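Student: Given these sequences and hints, build the entire structure.
Spelled out from the first residue to the last, the chains are:
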Amino acid sequence: MTTAHPHSAIDAVWRIESARIIAGLTRIVRDVGLAEELAQDALVAALEQWPESGIPDNPGAWLMATAKHRAIDMFRRNKLLERKHEELGRELKTQQESAVADFDIANDDDIGDDLLRLVFISCHPVLSTEARVALTLRLLGGLTTEEIARAFLVPEPTVAQRIVRAKRTLTEAHVPFEVPRGPELAGRLSSVLEVIYLVFNEGYSATAGDDWMRPALCEDALRLGRILAELAPNEPEVHGLVALMEIQASRAHARTGPAGEPILLLEQDRGRWDHMLIRRGLAAFERAEELGGALGPYALQAAIAACHARAGTAAETDWKRIAALYDVLSRLMPSPVVELNRAVAVAMAFGPAAGLELADALASEPSLKAYHLLPSVRADFLLKLGRLTEARAEFERAASLTRNARERELLLNRAGACAAQARPQ
Amino acid sequence: MRFMMLVKHAEKCDTPPKEFMDAMARIAEEAVKAGTMVVSGGLAPTGKSTRVRLSRGQVAAIDGPFSEAKEVVGGFAILEFKSKEEAIEGALQFMELHRKFWPGWEGETEVRQVLGPEAFAPEA
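Line order of the protein sequences matches chains A and E.
Each number in this note's numbering corresponds to the 1-based position in the first sequence with 76 added.
Each number in this note's numbering corresponds to the 1-based position in the second sequence with 18 added.
Worth double-checking, as some hints may not be accurate.
Coverage of chain A stretches by chain E, computed from C-beta distances (three or more under 8 Å per stretch; other residues unrestricted) [to be verified]:
hint : stretch
1    : 347-359
2    : 441-447
3    : 487-493
So the derived list for chain A, only partly shown, Cβ under 7 Å to chain E, looks like this [unchecked claim]:
hint : residue
4    : Ser84
5    : Ala85
6    : Ala88
7    : Glu232
8    : Glu306
Since the hints were derived computationally from the structure, they do not count as laboratory data.
These numbers were taken from a predicted model, which means no experiment stands behind them.
The beta-carbon is built from N, C-alpha and C at its ideal position, and this holds for glycine as well.
Tutor: Written as structure tokens, this is what we have:
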């Protein structure tokens with residue numbers, strides 16, 4: 077096979093294959109750091125040989141076989157773990173004998189299991205959140221240290237250190253290479269989903285002037301989520317998270333105005349929503365629902381996002397359903413921001429007085445003290461109730477709390493409109 | 019980044035061998051598992067298709083087959099990749115499948131990036 081740019085083609089192969097290779101090697105050598113080293117050795121060999129010999133028909137199998145040979149050499153040299161050597165030798169022999177090694181279905185299942193084990197290990201709770209994120213993006217996302225550093229706006233040596241320390245911690249803690257079972261699974265899975273959603277949100281928070289690696293994090297998170305959904309198809313919260321991310325990502329190009337100001341969901345141009353992503357999100361949500369049982373927090377948030385996604389215009393939104401979903405969410409995952417969103421939904425479904433009652437209960441909430449959306453939402457309710465003087469004061473308070481100049485202008489305009497309306501004719 | 023793969027071949031085409039169809043199913047499943055598959059489909063032969071053309075101010079519908087066409091689009095897929103190089107690598111592996119399991123088949127897969135809404139967004 078000839079290719080015009082062998083080096084970048086090899087990079088592409090690496091990005092596609094590296095996670096599975098590292099996963100397979102980890103099962104054999106029982107150490108994530110060592111597995112990655114062996115995989116990197118294989119990559120170096122590929123970079124040396126493929127420009128001349130061409131990229132092999134099954135590059136993944138070539139890299140895996142090369143890495144395994146390196147592992148055998150290493151074991152021989154160390155004279156350690158003789159039993160491992162035998163296992164390895166046996167395994168390689170079987171693969172060579174297998175006529176259709178390229179598309180061996182059983183092999184495929186093994187790799188799936190190994191990938192899942194790798195996911196759980198790289199998100200192990202013994203690691204700090206930052207370490208989990210860096211390790212996951214590195215081992216499963218195929219990102220280089222430099223790419224991770226650029227994406228998270230931290231110096232490259234910091235990321236490199238994080239990864240080195242993370243691997244050492246896993247080794248020293250003798251973290252087993254297995255998929256957690258029983259009561260342990262829910263908590264461990266929640267840790268994995270948290271990492272993926274964190275990566276997504278980091279990407280989602282990127283602004284126009286940022287390095288393109290930052291919004292690309294949304295794609296990385298989506299890919300990891302989708303892979304996980306295939307590896308663990310019976311976990312509804314995985315599908316829930318994927319659904320939530322797909323639908324959120326669908327709004328990426330409608331969220332900011334020309335001056336970089338944030339545009340609220342209800343005011344977004346729905347023609348700019350990515351309907352392919354919406355369809356995928358709704359399909360993922362269906363998979364979560366089909367598995368039965370009560371919806372977990374990610375699935376609930378996805379259900380709410382789905383209500384918005386299904387409405388062709390803001391006016392068609394099923395607010396009663398959204399209010400009901402927020403009711404459940406606020407009990408499952410109580411938080412002031414969830415409560416504020418619930419107030420908005422309740423107001424849309426049952427009138428501003430009902431919404432105001434909920435918003436008022438948040439008045440003394442310390443975490444919302446500097447959050448401009450609280451007074452902004454209250455102002456909206458007060459305006460709809462005809463309480464113009466109070467509405468004006470709240471719009472002005474919201475304006476003083478926002479850091480976005482355009483948003484401040486909009487809020488002050490609304491305050492001015494209240495004042496004009498309140499003036500006796 | 020999204021890429022559309024357009025698989026093109028000569029109009030006259032035999033039915034694919036079973037081994038090829040099996041291999042296609044496997045590669046599609048792998049793409050789903052890798053989180054790259056968006057949508058894929060095979061197209062009905064041009065004998066069953068219609069071209070609606072605007073030319074010299076006239077719009078007309080013309081039914082197939084189109085015997086003058088050297089190559090027709092037989093199928094397509096939209097996949098999400100991190101880079102064009104990955105998309106090309108995917109297409110190379112896809113064509114390798116054809117070589118292995120459908121001897122004698124000739125054709126090409128065109129790799130085209132699907133422009134997202136950001137390509138049409140007004141300048142900030």
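Student: With reference to the structure, classify each hint as holding or not holding.
Tutor: Hints, one by one, checked against the model:
1. 347-359: holds (count 4)
2. 441-447: It is violated, with 0 qualifying residues against the three required.
3. 487-493: violated (count 0)
4. Ser84: holds, 4 Å
5. Ala85: Cβ of Ala85 of chain A sits 6 Å from chain E, so the hint holds.
6. Ala88: holds, 4 Å
7. Glu232: violated, 19 Å
8. Glu306: Status holds, d = 4 Å.
In terms of the numbered hints stated before, the structure departs from hints 2, 3, 7, listed from lowest to highest.
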